[in-house]
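Asker: Protein chains in written order, with the working numbering: chain V, 31 to 304; chain R, 31 to 304; chain Z, 31 to 304; chain U, 31 to 304.
One or more of the hints may lead you astray.
Repeated chains share a single entry, so a pair holds when one copy, or any two copies, can fit it.
[Said to hold, decoys possible] EDC-like cross-link-like pairs, simulated, lysine to aspartate or glutamate; straight-line CA separation at most 20 Å:
no.	residue 1	residue 2
1	Lys158	Asp142
2	Lys223	Asp274
3	Lys293	Asp274
4	Lys158	Glu107
5	Lys158	Asp133
6	Lys81	Glu71
Hint data in this document are derived by calculation from the structure and do not stem from the laboratory.
Number of protein chains: 4
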Amino acid sequence: MDIRYIAKDVDKNKGVKIKDIIIGNGDFTIIAGPCSVENSEMIISTAQHVKSMGAAMLRGGAFKPRTSPYSFQGLKEEGLDLLKSASEKANIPVVSEVMDPRDVERIYNYVDMFQIGSRNMQNFSLLKEVGRTDKPILLKRGMAATIEDFIMAAEYMAAEGNDKIILCERGIRTFENMTRNTLDLAAVPILKKLCKLPVIVDPSHGTGVRDLVLPMSLAALAVGADGIMVEVHPDPACALSDADQSLSFDDFEALIKRINQVKEHFLDIREGCL
Amino acid sequence: MDIRYIAKDVDKNKGVKIKDIIIGNGDFTIIAGPCSVENSEMIISTAQHVKSMGAAMLRGGAFKPRTSPYSFQGLKEEGLDLLKSASEKANIPVVSEVMDPRDVERIYNYVDMFQIGSRNMQNFSLLKEVGRTDKPILLKRGMAATIEDFIMAAEYMAAEGNDKIILCERGIRTFENMTRNTLDLAAVPILKKLCKLPVIVDPSHGTGVRDLVLPMSLAALAVGADGIMVEVHPDPACALSDADQSLSFDDFEALIKRINQVKEHFLDIREGCL
Amino acid sequence: MDIRYIAKDVDKNKGVKIKDIIIGNGDFTIIAGPCSVENSEMIISTAQHVKSMGAAMLRGGAFKPRTSPYSFQGLKEEGLDLLKSASEKANIPVVSEVMDPRDVERIYNYVDMFQIGSRNMQNFSLLKEVGRTDKPILLKRGMAATIEDFIMAAEYMAAEGNDKIILCERGIRTFENMTRNTLDLAAVPILKKLCKLPVIVDPSHGTGVRDLVLPMSLAALAVGADGIMVEVHPDPACALSDADQSLSFDDFEALIKRINQVKEHFLDIREGCL
Amino acid sequence: MDIRYIAKDVDKNKGVKIKDIIIGNGDFTIIAGPCSVENSEMIISTAQHVKSMGAAMLRGGAFKPRTSPYSFQGLKEEGLDLLKSASEKANIPVVSEVMDPRDVERIYNYVDMFQIGSRNMQNFSLLKEVGRTDKPILLKRGMAATIEDFIMAAEYMAAEGNDKIILCERGIRTFENMTRNTLDLAAVPILKKLCKLPVIVDPSHGTGVRDLVLPMSLAALAVGADGIMVEVHPDPACALSDADQSLSFDDFEALIKRINQVKEHFLDIREGCL
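Hey, can you work out the whole structure from these sequences and the hints?
Answerer: See the structure below:
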């Protein structure tokens with residue numbers, strides 16, 4: 031594997047800085063928020079709740095890649111506006127997905143970190159375009175991507191000049207159908223051994239099952255991930271997308287408390303990787 | 031599945047017209063050419079050879095999506111120029127991949143059919159952009175795409191106004207490693223039952239093994255596909271990409287002869303689908 | 031791969047002889063019958079029908095490996111008795127599954143070929159036990175078996191002295207859920223290149239969908255398989271197992287007619303392998 | 031799913047008792063030992079080492095299911111004798127694989143728990159035979175087994191009278207090839223929600239990579255598993271099987287120390303399941 035810019039031993043950095051926070055410096059970072067920004071009230075209340083619980087970043091989709099063109103596609107520009115307002119009101123940086131290289135410049139001003147979704151992990155035009163910016167990038171693993179494919183996709187961005195990349199393991203497609211995807215946690219230590227990049231885990235998409243988010247979050251902590259990204263919604267049953275996997279505010283509070291109880295015992299695993 | 035524009039019983043069409051040829055009107059169409067356009071001589075000689083053997087279209091990559099940024103990425107604009115020249119010299123229409131929605135307008139004038147590659151099957155911005163043109167589109171199945179995902183990706187384009195779509199089964203990722211992918215031929219009759227669109231098969235990427243191209247081409251014919259797309263190169267051993275799966279001119283001639291021997295006995299299968 | 035007894039170039043044989051028929055001598059053999067033997071009338075009528083249509087062998091399960099212990103497990107000894115009667119009445123040899131090494135001796139007298147099912151493909155005790163007999167064996171590929179695993183399982187039997195083995199591709203487990211399994215037809219020419227053994231295809235289990243049996247049978251013919259094994263039932267809607275994939279007598283007749291129309295044009299592919 | 035004997039709410043038991051130990055009573059149990067018993071010295075020294083480190087059980091293969099008939103197949107009876115001696119010398123109970131229903135009675139006297147390997151997970155004759163004994167059984171998940179298949183395989187044994195079953199998640203087959211299998215840790219909480227049975231994880235076979243055993247063991251602890259089974263060898267480089275994934279004595283000591291540092295913070299997860 032020809033890794034020139036993000037290999038473990040190249041320019042070892044101490045994580046990726048996003049405004050005042052750093053992901054990958056030895057702590058276990060929580061990114062939380064709804065699948066989609068649906069309206070002002072829900073995104074503000076979610077932003078405030080997750081911030082109050084200790085989340086470092088807010089997630090929220092404005093441009094949504096959906097299997098069907100007839101599913102809710104996100105509020106687009108309006109969603110970005112709402113996300114930015116919520117970010118400012120709750121004083122929490124935001125990450126949101128960019129799906130089109132032509133949107134990179136526009137979205138640049140709304141978000142603190144770009145997200146590249148699973149379906150676009152090998153959308154090389156998009157990778158290059160965000161790779162030419164100076165903004166941090168969250169790259170999600172593709173559903174059929176090998177670990178090598180995943181690393182090389184990150185290398186595409188780094189080769190353009192931007193190595194402020196966070197990798198996100200979010201499950202691969204297998205025959206098992208009780209979960210939406212099969213979360214490949216072994217990928218975390220492998221990625222950390224091969225790359226200098228922080229690695230987080232998405233247990234919401236990685237399982238598609240609300241009750242599995244807590245145990246798989248703890249597993250992500252234990253295996254050495256630098257954080258998790260979880261879906262939180264004020265009223266999961268009414269969510270416009272990903273209803274089955276979103277945590278309620280109470281669920282999220284329980285998750286954070288549990289993580290905080292055990293976190294300190296695992297931070298050396300992460301430090302050992304930096 | 032919410033299929034509005036490309037369902038079997040909606041506006042049943044008689045195949046997709048590309049210049050003087052029609053794919054999906056009951057015949058078995060051959061699309062052939064190199065993985066990548068490498069230079070003038072090779073693309074012209076290939077165009078002439080495949081045309082003389084009865085291929086209806088020339089394929090050739092100018093923009094190449096490669097796993098690594100350090101692999102040969104195609105000749106880009108120069109490749110398109112060479113492809114167009116070869117097309118004119120050999121009097122054969124061409125298909126070439128578009129990877130970026132910003133390139134759609136430019137590439138429009140060079141090709142007779144756009145190709146959307148596997149890695150971009152759910153690049154919805156790109157799908158919408160080509161869906162707004164009036165040019166035929168070859169959509170390749172994603173490596174982790176279910177048949178439902180595949181159909182809905184085509185529906186994205188049709189919903190923008192362009193239903194001149196040809197679906198291409200090219201294998202899915204499985205644990206089997208003697209082949210590059212596992213060609214899912216059962217997808218062909220399923221797609222033809224659910225959609226009005228022509229369906230072709232790519233046995234070159236679908237297997238990654240030269241010796242398997244002939245038997246899998248015959249299987250594609252037998253299962254009811256409307257054609258195949260195969261990689262042909264004047265000197266496979268020296269190909270800049272996909273060397274292991276490209277046919278030599280002689281291989282290709284043998285393939286066409288074999289197909290021609292048996293083709294007539296299967297054409298009713300295709301007719302039955304129109 | 032260490033193949034000592036069944037490699038392509040070792041003791042090249044001309045197919046496997048089962049009573050008066052030979053599988054793998056250049057013809058395309060049909061094995062047909064119900065998933066399970068259910069009663070005397072159904073197995074006799076099926077035997078007579080498939081024989082009259084040109085099937086060379088009758089299949090019928092007496093010992094059934096079912097996912098749940100509470101599903102119909104087959105009629106066992108009684109099923110074997112019924113199968114033998116039907117075989118004699120219709121003058122057609124039979125294949126039936128053996129699941130337990132302790133049953134090999136008993137079943138030996140009832141069947142003309144042992145079947146080893148997918149779930150037992152790496153049940154090495156069972157493989158060795160049938161490998162010590164002189165009776166032909168039909169070995170089905172396991173759901174997660176690589177081609178190498180499959181070949182080595184056959185080698186286990188050959189190493190015990192019995193190389194009268196027919197390999198059966200019957201689909202592997204993938205993420206695609208419109209079919210029960212993904213039929214890996216590329217495995218057929220690969221197996222025939224590496225082994226001297228005949229290779230047949232099971233399009234019934236390989237797809238799990240009645241309408242796909244005909245096209246995938248033709249594809250099996252085209253790809254060079256030595257035959258197919260299909261499920262046929264007098265009244266598929268009432269079958270005690272595999273109702274969705276069983277052919278009715280009329281379906282089977284249509285299948286055989288279609289195969290007979292095109293068969294001669296492909297037999298050289300099979301001859302080329304011997 | 032028709033689960034009658036092992037459903038979560040049926041005869042809720044407090045784990046499975048094996049001699050003086052109980053698996054599944056709220057503690058995190060370590061089972062350790064070599065892939066294969068190779069000779070007296072290695073199995074005794076391993077038994078003593080793992081016992082001294084706190085392992086509750088010794089594992090060691092005497093009958094080995096290997097892909098090739100020409101690979102080392104285990105020492106068989108001699109291996110059982112050596113295993114029993116080591117067990118007595120180190121005062122630690124043992125688990126070893128049974129592959130053949132005819133061996134159940136004989137092996138019964140040598141082992142404290144039967145192991146059913148992945149390849150035999152749906153060897154129903156074998157499942158029934160061990161299900162008729164009163165000895166605990168460790169059931170490993172098949173490589174292509176869904177969670178439902180896995181549960182129903184356990185139900186086969188329970189239906190025969192023996193519900194002293196421990197389930198072992200050991201990875202499934204996927205396209206990812208940097209690991210031998212993809213360890214499906216989400217299966218652990220799912221299995222514990224649906225069944226009353228203890229669930230352990232095998233990070234050695236689940237990854238096939240020595241360096242991944244520690245992080246995946248911690249993840250297994252965090253996700254709620256009742257224990258792990260790991261391969262330990264006095265000299266991994268010279269192991270007759272599974273050399274790449276076996277821990278040295280020092281590796282194992284490091285693993286145990288790490289688990290002991292954090293174990294207490296997770297035991298409530300397991301208690302909550304009983």
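Asker: Against the earlier hints, flag every one the structure doesn't satisfy and list their numbers going up.
Answerer: Violated hint: only 3; rest satisfied.
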